[in-house]
Structure formats: C-alpha cells, structure tokens
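Colleague: Spelled out, the chains give:
Protein chains: 2
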Amino acid sequence: MSMLEQMGKAAKQASWQLAVLSTAKKNQVLSVMADMLEANSEVILQANEQDMAQARATGMTEALLDRLLLTPARLAAIANDVRQVCRLNDPVGHVLDGSLLDSGLKLERRRVPLGVIGVIYEARPNVTIDVASLCLKTGNAVILRGGKETHNTNLATVKVIQQALEQCGLPAAAVQAIDSPDRALVNELLRLDRYVDMLIPRGGAGLHKLCREQSTIPVITGGIGVCHTYVDDSVDFDKALTVIESAKIQRPSACNSLETLLVNRNIAEQFLPALSAKMAAAGVTLHAAQNAMPLLQNGPATVVDVAEGDYDDEWLSLDLNVLVVDDIDQAIDHIRTHGTNHSDAILTRSLSSAEHFVRAVDSSAVYVNASTRFTDGGQFGLGAEVAVSTQKLHARGPMGLDALTTYKWIGYGDDLVRS
Amino acid sequence: MSMLEQMGKAAKQASWQLAVLSTAKKNQVLSVMADMLEANSEVILQANEQDMAQARATGMTEALLDRLLLTPARLAAIANDVRQVCRLNDPVGHVLDGSLLDSGLKLERRRVPLGVIGVIYEARPNVTIDVASLCLKTGNAVILRGGKETHNTNLATVKVIQQALEQCGLPAAAVQAIDSPDRALVNELLRLDRYVDMLIPRGGAGLHKLCREQSTIPVITGGIGVCHTYVDDSVDFDKALTVIESAKIQRPSACNSLETLLVNRNIAEQFLPALSAKMAAAGVTLHAAQNAMPLLQNGPATVVDVAEGDYDDEWLSLDLNVLVVDDIDQAIDHIRTHGTNHSDAILTRSLSSAEHFVRAVDSSAVYVNASTRFTDGGQFGLGAEVAVSTQKLHARGPMGLDALTTYKWIGYGDDLVRS
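So the protein sequences, as listed, match chains A and B. Under UniProt numbering, the first sequence has 314 at position 314, and the numbering climbs by one with no breaks. Under UniProt numbering, the second sequence has 400 at position 400, and the numbering climbs by one with no breaks.
To be clear, the hints were calculated from the coordinates, so they are not data collected in a lab. There could be a bad hint or two in this list.
A pair holds if it fits inside one copy or across any two, identical chains being indistinguishable in the list.
[Unchecked claim] When the alpha-carbon atoms are kept at most 30 Å apart in a straight line, the in silico DSSO-like pairs for lysine-lysine are as follows:
1) 159 - 12
2) 106 - 239
3) 239 - 159
4) 12 - 209
5) 159 - 148
6) 239 - 25
7) 12 - 25
8) 148 - 106
All chains should be built: construct the whole structure from the sequences, respecting the hints.
Modeller: Given below as structure tokens:
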C-alpha cells in the first residue's frame with residue numbers, strides 16, 4: 001500500500017468518526033485548534049521563515065512573497081477565522097424534506113458529510129487552516145496538497161492541527177497534508193477514488209484541466225472568471241460608470257472582476273467618451289474592438305487594439321476589453337462564446353431586458369444593475385467560502401458549508417415490503 | 001469539426017432555446033411527441049424488427065430478446081409514460097431561496113436546466129424515449145448513445161421525436177442520437193466537455209469505470225447495488241423473514257435487491273434455521289460464511305460456501321450471502337468494506353440500534369425495518385427516475401427531475417457596488 005493509499009484509508013476511517021460528532025464537539029475541536037495555533041505560533045512562524053528564505057533565494061516577486069508571509073498578527077487573524085467558523089450553522093443533520101408515502105414508508109432526506117475531501121491549492125498558508133476548519137465543521141476528513149513554496153509552513157500548521165485533534169480524542173488522520181513536494185503524488189491523489197469523495201483544485205487553468213482530464217474522483221472546477229458587463233441603451237451614465245469602475249478596479253486580481261464591457265450601439269457615441277474619461281482617471285487601459293476604437297481613440301484613456309484571445313482570458317489587471325454590440329442578443333451571444341460561466345451583469349432601466357438577460361445568460365451568478373464583484377461567499381451571506389464553482393453539478397458559484405455535504409435518504413417502515 | 005463536435009455544438013445551441021421555454025410549451029411538445037410516437041408506430045416497429053432479427057442471428061438469449069422487443073402495446077405504454085411526464089411539476093424557474101442582503105443586493109437562487117446531458121445506455125428501447133422526455137421537461141438538450149443491439153429502433157424513434165420537435169417550432173438538435181455503433185465515438189463523447197454538462201452512464205461496472213477514468217465531463221455513476229440487510233438481535237422473526245424474502249425474490253435482477261444478510265450472533269441459532277426454511281421455499285441458494293454454515297447446513301435450503309468476491313459483487317439472481325456478526329458495529333464494518341453505497345437496511349426493535357445504523361452507514365438510502373427494494377424514483381414519489389446515483393456529488397439515490405437541473409444565483413441591485 002502506497003503512502004497515499006495509507007493516507008486515504010486513514011482519512012476514510014477518520015471520516016466515519018467525524019460524521020457522527022455533535023456540533024458542540026466539532027466546535028470544541030475548532031476552538032482548541034484556534035488556541036493551539038496561537039500557542040504554537042513560534043513553530044509555525046519559524047517554518048514560514050524557512051519557506052520565505054527559500055522563496056527569496058529563488059527570486060519570488062514581492063507580491064507573492066507577501067502572500068506567503070505569516071506574521072504573529074496574520075496568524076492571530078487566521079486563528080480568529082477558525083473561531084468564526086464555530087459560530088456558523090452546522091448543516092449536518094438538517095432534514096431537507098420528508099414525507100409519509102402511500103406505501104407506509106416514512107422517508108426523509110438528511111444532510112450528511114461528503115466523507116473525505118481532497119484539496120489542491122497554491123502558495124497561501126491561510127488556505128490550509130481555512131479548509132481544515134470548514135471540513136471539520138462539516139464532519140469531513142481532508143487531504144491537503146499545498147504549493148511547494150509553503151511546504152514547511154503547511155507541515156508545521158497541520159502538525160499543530162493534528163495535536164489539537166488528538167487532544168480532543170479525535171484521529172489525527174482527520175486532517176492530513178501530503179508531506180512531499182513530489183508532483184507525481186498529485187497524479188496519484190487524482191486517482192484515489194476509493195477513498196476520496198470530492199476533489200477541489202484551487203489554482204489556475206492548468207491545474208483545473210489536469211484534474212478534469214486525469215481525476216477519477218468527482219472534481220469541482222471554478223475560480224476562473226472572464227466576467228462581462230453589458231450596458232443596455234437605457235442607463236444612467238454616471239451610475240453605470242460607477243458600477244463599471246468599481247467592478248474593474250476594486251481588486252483587479254480577483255476572479256469576479258470585470259474583464260469585458262459590452263456597450264449597446266444606440267448609446268455608444270455618448271457613452272464611450274465618458275467611459276474613456278472615467279477609465280483614464282482610474283488608470284485602466286482599454287482594449288478596444290474595431291467598432292469601439294473610433295469612439296475611444298480621441299479620449300483621455302490609453303487605448304490599444306483588442307488582440308486574439310483577449311476575450312477568452314482573464315486580465316486580472318487594470319485592463320478592460322470594450323466592444324460595441326448591436327443589441328442585447330449580440331451581447332448574450334458574446335458572453336456565451338467567451339464567458340466562463342462565472343459572473344456576468346447587465347446595466348439597464350428596462351425590466352424586460354433585465355429578465356431576458358437573467359434567463360439567457362448561463363452563468364453561476366447573473367447581476368442586474370450590480371457589480372460582478374459580489375460573487376463571494378462572504379458577500380452572499382454564506383459565512384465562509386471553500387471555492388467558487390463554475391461548473392453545474394453539485395454546487396454553483398460560491399460554495400459555503402452546505403457544498404461540503406451531501407444527503408442520505410432514510411426510510412422508516414414497520415417491517416415494510418414493496419408491493 | 002468532427003461529427004460529435006457538430007452534434008455537441010448543435011445541442012448546446014438548442015439548449016439555450018429550451019432553457020427559456022414555458023412549462024406549457026414543453027408539455028405541448030411532450031404531448032405532440034407522444035401522439036407522433038403512436039402515429040408512427042409502424043416505422044418504429046419495423047426498425048425494431050430489424051434489430052430483433054439481427055439479435056436472433058447473433059444468438060441473443062430469450063430474456064434479452066424480450067427486453068429488446070417492442071410491440072404496439074408496449075409502444076403505446078411508452079407513449080403514455082411521456083404523457084405522464086407532462087403531469088409532473090416543472091422544477092425549472094423554482095426559486096430555492098433568496099434574501100435581501102445588508103449590502104442592498106437582492107439575491108435569489110433559481111433552478112435552471114443543466115444544459116446538455118449525455119446518456120450512454122444499454123439495449124432498452126424505452127430508455128431513449130424516457131430520457132428524451134425527462135430532459136425536454138427540464139429544458140435540457142440530450143445526446144443519446146444506446147446499445148448497438150437497439151441501433152435501428154433508436155434511430156427510428158429519435159427521428160420521430162425530432163419531427164415532433166420541429167412541428168412545435170423547436171430545433172431537432174434538442175434530442176440527438178449518435179447514429180453509428182462505432183465504439184470510438186463513446187470515447188470521443190466522454191471528452192466533449194466543451195458542450196456536454198453532465199454524463200449519465202446507465203450500464204454495468206465496466207461502463208462506469210470507463211466513464212470515471214476517461215470522462216472530462218462530470219459523470220453520475222450508480223446503479224450498482226450490493227445491498228445488505230442486518231438482522232439485529234431484537235426482531236420479530238416472521239416479520240423479518242417476510243422483509244428479507246421480499247427484498248431478495250421480488251425482482252432479483254434489480255439493483256436494489258438484497259445480496260447479503262448479516263445476522264446478529266445472539267439470535268443466529270434460532271434465526272438461521274428459520275431462514276433456511278423460508279429461503280428453501282422461495283428457491284434461494286444460500287452462500288454461507290464459515291460462521292453461518294453449521295447453522296444452515298441441516299436446513300432445507302441449498303447451501304454452499306461463500307466464495308472469494310461474493311461479498312463484493314451483485315448476485316442479481318436467487319442467491320444470498322449469509323454471515324453471522326458479533327454485533328451491529330461488525331455489521332456496519334462489513335457494509336463499509338463490501339457495500340456500494342446503494343441501499344442498506346437494519347431490522348430491529350431498538351430505537352438506539354436503528355439510529356446508530358442510520359448515522360453510521362454511508363449509503364444513498366438507509367432503511368429501518370423496510371425492504372431495500374424501495375430505492376426507486378417512483379416509490380420515492382419523484383414521479384420519474386433518470387438513474388440511481390451511488391456517488392455523493394450533485395444527486396444521491398433515485399434521481400428525479402430536480403437532478404436534471406442546477407441553480408443560478410441572481411443578484412438585483414440599484415446600480416450597486418461592493419463596499
């Protein structure tokens with residue numbers, strides 16, 4: 001039995017214990033875990049120092065180094081996030097629906113944990129603790145595979161989490177990290193369907209493609225957002241520009257940021273110069289389609305031709321594609337062709353246009369007169385977010401605690417047989 | 001663009017039209033479809049004749065031939081099933097939940113079709129019409145790949161369905177069948193993730209494994225049931241034996257039939273001889289574990305030693321494994337090791353045993369004092385069944401119309417930005 005199979009088997013066994021824990025017990029574990037993360041901060045910060053030193057030696061950019069860095073204050077904030085998870089409702093045990101059937105069978109659907117969850121993620125040390133706490137709260141065991149840049153930090157963190165588990169009388173195998181940066185282990189993890197019930201890759205398009213193609217475990221893909229906003233011909237320019245500016249510049253690196261603006265032809269002549277002024281002030285470079293260029297090139301904003309592929313990739317920067325469309329249906333067609341089913345918005349005063357857009361655009365989140373930036377577990381009131389799914393099975397959009405559960409049909413009879 | 005890519009693209013385009021149809025319109029299509037299946041029964045029955053002739057020539061068994069055979073009466077019954085689907089509630093458009101968030105965003109989750117569904121199935125001509133009608137009712141397009149034995153029947157059936165679609169002003173591509181028995185096309189279908197949103201394989205373990213390993217499309221696997229019943233030490237023997245007999249003999253070829261009986265040691269000495277008498281009368285062969293053999297071999301039933309692998313495969317016949325267990329936990333362990341997460345039952349008078357079993361056994365359907373045979377869309381009141389899922393993501397157990405939908409988050413603002 002390989003190391004990963006052993007981990008899988010141990011995780012599955014741990015999951016059976018976790019599945020039947022009371023909410024109070026799970027909250028106790030989370031609380032002990034938060035305390036021990038603070039009490040053992042020195043060990044974790046030392047491990048993080050090692051990762052930081054290696055990252056500096058390999059020439060990691062300042063932005064990525066900052067993402068990797070743990071400080072006493074950051075660790076305390078993460079520990080507080082764990083305490084926050086205690087306050088969330090536990091979905092496990094909730095009865096979704098039920099009925100007494102004509103046959104005499106009393107049937108109910110009850111929420112239960114998924115079992116074992118595999119998570120593959122990049123170099124963010126906070127994800128280790130985030131994911132572990134959300135999985136524990138929902139009674140799931142988890143196998144973590146973090147980025148190699150945070151290898152030492154993750155191992156030190158998981159060790160503390162395991163100590164907390166054992167102190168509460170629970171198996172350490174409830175939270176395990178793959179303790180080798182060997183890439184072949186990712187491929188092995190992807191085929192561990194005997195033990196792992198769901199796989200969440202949190203990373204770029206390449207990781208998602210690998211998982212879709214190689215995994216024999218059901219995968220949740222998402223997190224890639226080529227988000228659109230369509231400006232209908234009945235809008236208040238100032239308000240529309242405020243929404244567009246916020247959707248683009250608030251946090252350009254986020255997957256729910258605006259990447260392509262589609263403007264109705266009827267207002268293009270007035271709207272595009274106003275857009276140019278607003279975007280120039282915000283430091284946004286416009287990537288103009290041929291039909292938008294004449295109306296943009298005399299404005300103050302930096303404008304370049306849109307290039308092959310620009311419509312199909314996230315900018316994640318202060319760049320925005322601009323295209324003029326004949327009508328709402330051309331906008332919808334563009335979104336269907338180039339979108340990633342993440343978040344798309346319409347700005348309009350027309351009820352009919354709004355409802356047409358909402359029904360026709362097949363994205364996880366569709367907005368009317370709102371920024372695409374709202375697609376977020378916290379904003380949606382889910383209390384937490386494991387990932388943002390852009391696929392259609394199981395969970396769509398921001399995934400909260402519910403998305404870490406499934407249901408079980410339970411039938412009660414009085415020595416009942418089917419007629 | 002390959003033939004399958006063209007089919008996929010056409011299906012996706014059709015799905016956009018289907019997604020926004022009213023329930024009344026969808027019911028009209030189904031009603032026209034039912035009428036036309038009857039009106040064109042001659043063409044379909046002739047095609048079925050061809051399939052039957054080929055099947056006879058290749059020496060197909062009488063049981064399989066009967067499954068393949070269509071008669072005027074059977075076709076009329078299938079057409080009536082389609083009319084029945086009209087009467088089911090349309091889940092599309094249903095608002096699952098919603099709220100007005102502190103940010104001012106009015107958020108709701110609305111049920112929407114999945115889009116394009118791929119179904120791979122065996123030689124049952126009724127599945128073609130069943131699946132097509134359920135997909136249409138939920139606004140999904142479908143690509144069908146039936147068994148090669150029903151090739152002519154399926155093509156003739158789908159042609160009639162497409163005529164019905166066009167007569168109602170809808171694209172024929174809403175229901176398509178792969179019109180070549182070439183097996184390579186299955187592999188191509190499995191990688192059509194650009195167009196197909198969900199794949200349902202309805203067949204044996206081999207097909208499910210192929211789909212899990214090769215598909216880049218999310219797959220719903222299921223339909224394989226190694227179902228257990230645990231007989232606790234507090235049961236009414238007569239009633240327990242009635243449930244066991246029914247679960248085993250009512251329809252042995254069904255996936256929800258009983259395959260392994262686990263008997264508590266405390267009652268084994270009295271219960272097993274009684275079981276032997278009941279099973280002998282029902283013509284069931286017992287496959288006894290070493291610890292059950294001494295108590296069974298003097299009874300009237302045919303008894304053989306349980307063999308390697310017997311616990312892990314479906315019998316689908318009048319055969320039953322019998323094992324004595326020390327207690328409920330050993331029964332649960334056995335089910336965890338050998339079960340397929342389909343349907344498992346406990347027979348007991350103890351509330352505490354019942355609840356322990358229900359919580360610990362991780363199957364799609366868990367029963368207390370009832371036959372495992374209840375796991376069925378019709379029995380569960382779903383009105384229809386697309387498949388029985390034994391995986392945990394998206395849908396579990398019998399999949400009704402809801403399982404052919406997903407949801408969309410819709411956010412309404414008044415030119416709202418995230419703060």
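Colleague: Tell me, please, which holds for residue 148 and residue 106 at an alpha-carbon limit of 30 Å: within, between, both or neither?
Modeller: neither (51 Å within a copy, 41 Å between copies)
Colleague: At most 30 Å between alpha carbons: which applies to residue 159 and residue 12, within, between, both or neither?
Modeller: Result: close within a single copy only, 19 Å intra versus 48 Å inter.
Colleague: At most 30 Å between C-alpha atoms: does residue 159 with residue 148 qualify within a copy, between copies, both, or neither?
Modeller: within (17 Å within a copy, 55 Å between copies)
Colleague: First find the shortest C-alpha distance between residue 106 and residue 239 inside one copy, then the shortest across copies, and answer within, between, both or neither for a cut-off of 30 Å.
Modeller: between (54 Å within a copy, 18 Å between copies)
Colleague: Evaluate residue 239 and residue 25 at a C-alpha cut-off of 30 Å and name the case that applies: within, between, both or neither.
Modeller: Cα proximity of residue 239 and residue 25: none, with 49 Å in one copy and 39 Å across.
Colleague: Can you give me the call for residue 239 and residue 159, within, between, both or neither, at a CA distance of at most 30 Å?
Modeller: Classified as neither; 51 Å inside a copy, 52 Å across copies.
Colleague: When no copy is specified for residue 12 and residue 209, does a C-alpha distance of 30 Å or less occur within a copy, between copies, both, or neither?
Modeller: both (26 Å within a copy, 21 Å between copies)
Colleague: Is the C-alpha distance from residue 12 to residue 25 at most 30 Å within one copy, between copies, in both cases, or in neither?
Modeller: within (19 Å within a copy, 48 Å between copies)
Hint compliance for this structure: hints 3, 6 and 8 are not met, and every other hint is.
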